[in-house]
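Order-wise, the sequence lines are chains A and B. Heads up, the first sequence is in the working numbering, so the first residue is 1 and it goes up one at a time. Heads up, the second sequence is in the working numbering, so the first residue is 139 and it goes up one at a time.
Calculated pairs, DMTMM-like style, for lysine to aspartate or glutamate (alpha carbon to alpha carbon, straight line, at most 20 Å):
hint: 1; chain 1: A; residue 1: LYS100; chain 2: B; residue 2: ASP254
hint: 2; chain 1: B; residue 1: LYS170; chain 2: B; residue 2: ASP297
hint: 3; chain 1: B; residue 1: LYS253; chain 2: A; residue 2: GLU119
hint: 4; chain 1: B; residue 1: LYS386; chain 2: B; residue 2: GLU368
hint: 5; chain 1: B; residue 1: LYS260; chain 2: A; residue 2: ASP24
Beyond 12 Å from chain A on every Cβ pair, some chain B residues (computed):
hint: 6; residue: ASP306
hint: 7; residue: GLY312
hint: 8; residue: TYR329
hint: 9; residue: ARG338
hint: 10; residue: LEU341
hint: 11; residue: HIS343
hint: 12; residue: THR354
hint: 13; residue: ASP365
Worth flagging that the hints you see were computed from the coordinates, not collected in a lab. Quick caveat, the model's predicted, so the values are computed rather than measured. Note that beta-carbon positions come from the ideal geometry of N, C-alpha and C, so glycine has one too.
Chain by chain, the residues run as shown.
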Amino acid sequence: MSLFDKLQGELDDRNSEGGISPVDLLDLPESLRRIMRHMLRAVTMPRKDIVAVVASWPEKDRFSEEELDKALKSLVHQGWLIEIGEGDLLGYRVNLRRKKGSENSIWGTIGSRIDERIELNKRAIQNKPEGEEPPKEE
Amino acid sequence: MGKIISIHSFRGGTGKSNSTANLASLVALKGKRVGIVDTDIQSPGIHVLFGLDEKSMGHTLNEYLRGEVSIEQVAFNIGEHAGDVDMEGRRKLAGKALYLFPSSIKGTEISRILKDGYDANKLNEGMQDMMKALNLDYLFIDTHPGLNEETLLSISISDILILIMRPDNQDFQGTAVTVDIAKLLLVDHLYLLVNKALSRYDLNHLKAEIEGVFDTSVAAVLPLTEDMVENASGDIFSLAFPNHPWSKGMMQVADTILSIG
Chain A
1 MSLFDKLQGE LDDRNSEGGI SPVDLLDLPE SLRRIMRHML RAVTMPRKDI
51 VAVVASWPEK DRFSEEELDK ALKSLVHQGW LIEIGEGDLL GYRVNLRRKK
101 GSENSIWGTI GSRIDERIEL NKRAIQNKPE GEEPPKEE
Chain B
139 MGKIISIHSF RGGTGKSNST ANLASLVALK GKRVGIVDTD IQSPGIHVLF
189 GLDEKSMGHT LNEYLRGEVS IEQVAFNIGE HAGDVDMEGR RKLAGKALYL
239 FPSSIKGTEI SRILKDGYDA NKLNEGMQDM MKALNLDYLF IDTHPGLNEE
289 TLLSISISDI LILIMRPDNQ DFQGTAVTVD IAKLLLVDHL YLLVNKALSR
339 YDLNHLKAEI EGVFDTSVAA VLPLTEDMVE NASGDIFSLA FPNHPWSKGM
389 MQVADTILSI G
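Using the sequences and the accompanying hints, generate a full structural model.
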């Protein structure tokens, strides 16, 4: 992967606000929570495998293929699932929301202070006369 | 497909990393292929139990999450390095298939990931990929205490969840919330592990009482012991002192894990 591709990938990730948070899973109906768990483990799950999972449930919990497709489409529409392929090769993967950083929190401040300190120490080492110690931490 | 086991607690200081390291080691001693991933990115610690430091741990989960290395490159083969160590417990892991995926302990790396965030899909894919790449029978996830997005993700993908608690009122309330969430996330096998129980307690009575309150199986009740404190995370206690009551309790939990088909 080229440096540009890597940078572009990172920017795409950061700009994407969509996706499901693990907290959102708690609000889904039990049957969909169960399917999402399977998909998280499989990473990408062919539609036919999802149909097979639903078919393996007790009759009272099962739903029709039509209802399943409607539910999957709705999750795709919300940006919580990504549709991959088509026809017999149709599959889905869970689109987890990026874990947000805390740019303005204490971690941003600590990170900047550590970077500043490293830079100061580097400069002090580059400029110091032979045998002299770098400045001590505050 | 291998099994994913999350070891979690609502509060810190319950002995989570120690329990994870001991359980994973006991399962590896039985000849299983075992991985441990340290998802406690903001306060990693499990590497200490395996004698690793900043220099010796090699690549970290932080580098993987930034896309700089593959997940296979993060795997530290503990069995390969255990033969020539001084610690009696860790030495028993020589030649065993036990791999650690450590998080970085560099201040700059920790603050960087907390500041920038990361791609949660990549973390999930990494965990699934490490199981396939190393053909693992079991992957243990050492989590950050409390309820947050990483914890919920770990619970969501786990076959087995072990919640560690102490007999303490704050732990009781927090664990009750976590049990409710775990049940909502449909974890197949949920167990409580009570740690640091005072020796004057009737451990069987305590087990029955907690099982009644939480409507959840207690895998073991482990005693509070100065011997563990003295060990100071320097060795894998249950391997170094297999006849100790704490170790016997831990072996009981390992047997429970192994019994789940």
